Amino acid sequence: MTSSIIARVRQKRIEQLISLGKRLDERGLTDYREVQVEVGVIEKAEGSARVRLGKTEVLVGIKIELGAPFSDVPDKGVLTVNAELVPLASPTFEPGPPNENSIELARVVDRGIRESEAIDLEKLCIEPGKKVFIVFVDVYVLNYDGNLIDASALAALAALLNTKLFKYAVKEGEVQIKPGYKPLSIRNHPVAVTFAKINDKLVVDPGLEEEQVMEARLTMTIEKDGKICALQKGGAGYFKIQQILEAGKIARKKAAELRKLVVKK
Amino acid sequence: MSKKKVKKLINGKGIRYDGRKLNELRPIKLEVGVLDNADGSAYIEQGKNKILAAVYGPKEVHPKHLAMPDRSLLRCRYHMAPFSVEERKSPAPSRREKELSKVIREAFEPSVFTEYYPRTSIDIVIEVLQADGGTRCAGITAASLALADAGIPMRDLVSACAAGKVEGHLVLDVADLEDKQGEADVPVAYMPNLNAITLLQMDGMLTSEEFEQAINLAVEGCKQIYQLQKEALKAKYVEVKEAKKEDAEQ
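Residue numbers (this note's numbering), protein chains in the order written: chain E, 1 to 265; chain C, 266 to 515.
Hints may contain errors.
With beta-carbon atoms standing in for the labels, derived distance ranges [unchecked claim]:
no.	chain 1	residue 1	chain 2	residue 2	range
1	E	Asn199	C	Lys324	32 to 40 Å
2	C	Arg353	E	Asp75	17 to 25 Å
3	C	Ala500	E	Asn199	39 to 47 Å
4	C	Val503	E	Ala7	47 to 55 Å
5	C	Arg353	E	Asp120	26 to 34 Å
6	C	Lys329	E	Lys123	49 to 57 Å
7	C	Leu287	E	Lys164	21 to 29 Å
8	C	Met333	E	Lys201	21 to 29 Å
9	C	Lys324	E	Gln36	47 to 55 Å
Simulated from the structure, these hints should not be mistaken for laboratory data. Values in this document were obtained by computation on a predicted structure and should not be read as measured data. Just so it is clear, CB atoms sit at the ideal spot from N, CA and C, and this is done for glycine as well.
Go ahead and model the full structure; you've got the sequences and the hints to work with.
Dropping the structure here:
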C-alpha cells in the first residue's frame with residue numbers, strides 16, 4: 001500500500017506535524033478517528049456488522065454451514081476468515097484472487113479470534129470426525145482510507161457477537177435443521193490496535209495518507225483481560241524494543257475503549 | 266480418531282523434551298555458497314529444520330512495469346516442499362506461505378541498500394526441505410547469509426529466532442511440538458548492530474510482562490545466531506582464499 005505516490009510536500013507536512021504531536025486531521029497521536037458500529041445489517045447472513053473508522057468502511061458477514069472437521073482436530077468446529085479488497089473501495093484495489101495484502105489482513109483478523117479462543121469451537125462439533133459447524137467470517141472492505149486491520153477486526157467481533165446459530169437435531173446420523181436460533185457463544189473479545197511509525201514516532205489508527213508515508217506498522221490484538229493475543233509487524237521499516245513495549249501500553253488502553261463500542265453489557 | 270497423546274515437554278528441572286535448557290538454541294549448522302547458479306546462497310540446519318536460501322540479483326525486473334526508478338524491487342518467496350512435513354503439503358503456495366513471504370521481505374527491507382540498484386530486482390528464494398518449527402526464522406537467518414554471499418550491501422545482517430511459552434515457561438527457539446502444544450510463539454527478526462526489530466509476529470496469549478520477557482529472550486537468541494552467521498561467512502571466505510592459494514601454487 002506504500003506503492004502509490006504521495007507528494008513529497010505532503011509527506012514533509014505529515015512528518016512535521018507528528019514531530020509537534022499533531023496530525024493532519026487534528027487528532028492527537030493516540031486518538032482514533034470517529035468509530036461507528038452497526039450490527040445486523042445483512043439479514044441473510046447469520047451475523048453481520050458494518051464498522052466505519054473515519055472514512056474507512058468495512059462490512060463483515062458471518063455464514064455458518066455444515067461441513068467436515070480438520071483431521072488433526074476432529075472434535076472442533078472450523079473457523080475460516082477471508083478478506084476481500086473489493087475494487088469499489090479504492091482505485092488501487094484490483095479484481096482477482098486475494099493478494100498478499102488481503103491475505104495478511106484476513107490472517108491477522110483470524111489470529112486474534114483464534115488465539116483468544118473467542119469462539120468455543122468444541123461446541124460447534126456435531127459428530128466428531130464427521131460433522132461440525134464451519135464459521136465463515138468474510139471481511140468486505142467497502143471504502144479504504146487506511147487502517148483496514150482495526151476496522152476489520154472490530155467489525156468481525158461485532159458481527160460474531162451478533163451471530164445466531166440455527167437449532168438442529170441429529171437423527172440416525174443425519175443433521176436436521178429445526179426452526180429457531182440461539183446466539184453463537186463468544187467467550188473472548190479480541191480488539192486490534194494498529195500503530196504507524198512515522199519519523200520515529202508512533203501514531204494509532206493511521207489514515208490513508210499516514211499509511212503511505214509510514215516507515216513501519218505494528219498491530220497488537222488485545223483480549224478482554226488485557227493479554228496480547230496476536231501481533232503483526234508490517235511495512236519496510238523497523239521498531240526498537242522500547243517502542244514496541246510503549247505500543248503495548250497504549251494498545252491495552254485503546255483496545256478497552258474500542259471494546260466498549262461493540263460489547264454491550 | 267483418537268486424540269493425539271500429549272507429551273510433557275518440560276520436566277521438573279526445567280529441561281525440555283529434546284534435552285535443551287529453557288534459554289538454549291537448537292544445534293545450528295550454517296553453510297554459505299551452496300548453490301552454483303544463484304548469486305548468493307546458504308543452507309541452514311536448526312534442529313530438524315533443513316532450509317535452502319538463494320538470492321538472485323540485482324537483475325533486470327520481470328515483468329518490467331514493476332521496476333522502480335529510485336530503488337531495487339525486493340521480492341521474496343518462502344515455500345515449503347511437499348515432503349517437508351508429516352502430512353504431504355500441496356506444492357501450491359498456501360495463504361500462510363504468502364503471508365510469510367511478505368513479512369520476510371519486510372524483515373529485509375530495512376537492511377538492504379535497495380537505493381543502490383534502481384530499476385533492478387533482488388529476489389530471495391527460501392525453500393524449506395524439512396520443517397521442524399521456526400522455519401520462518403531459520404529461513405531469514407539463511408537468506409541473510411545468501412544476501413551477503415551475493416555481495417549485496419546491507420546495513421546489518423538480519424538474525425531471527427522465536428521465543429515462546431510452553432507449559433507456563435518462557436522458552437527460546439520454539440520447536441514444532443512446542444509450538445503446537447505451547448501457549449505462545451513470538452518470532453522475531455533483529456539487526457544486532459542497529460538494535461532494530463524487523464519482523465515481529467505472535468500467536469498465543471501473553472501478559473505484557475511475559476511478552477516483554479519473551480521479546481528480550483528472542484533478541485538474545487538472535488544475538489547468538491548473529492555470531493554463528495559471522496563465523497559461517499568467514500569460513501566461506503577462508504575457503505575461497507585457500508582455493509585461490511592452491512590455484513596459484515599449481
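Here's how the hints hold up against the structure:
Between E:Asn199 and C:Lys324, the C-beta spacing of about 33 Å keeps the proposed range 32 to 40 Å intact. A beta carbon spacing of about 24 Å between C:Arg353 and E:Asp75 agrees with the range 17 to 25 Å that was offered as a hint. Between C:Ala500 and E:Asn199 the beta carbons are some 41 Å apart, a value that agrees with the proposed interval 39 to 47 Å. In this structure the hint that C:Val503 and E:Ala7 lie 47 to 55 Å apart at CB holds, the actual value being about 51 Å.
Between C:Arg353 and E:Asp120 the beta carbon distance is about 31 Å. The supplied range of 26 to 34 Å therefore holds. Evaluation of the 49 to 57 Å hint for C:Lys329 and E:Lys123 yields a pass: the beta carbon distance comes to about 53 Å. Separated by about 46 Å at the C-beta atoms, C:Leu287 and E:Lys164 break the suggested range of 21 to 29 Å. Between C:Met333 and E:Lys201 the beta carbons are some 26 Å apart, a value that agrees with the proposed interval 21 to 29 Å.
The beta-carbon spacing between C:Lys324 and E:Gln36, approximately 49 Å, falls within the hinted interval of 47 to 55 Å.
Violation of the numbered hints given earlier is confined to hint 7; every other hint is satisfied by the structure.
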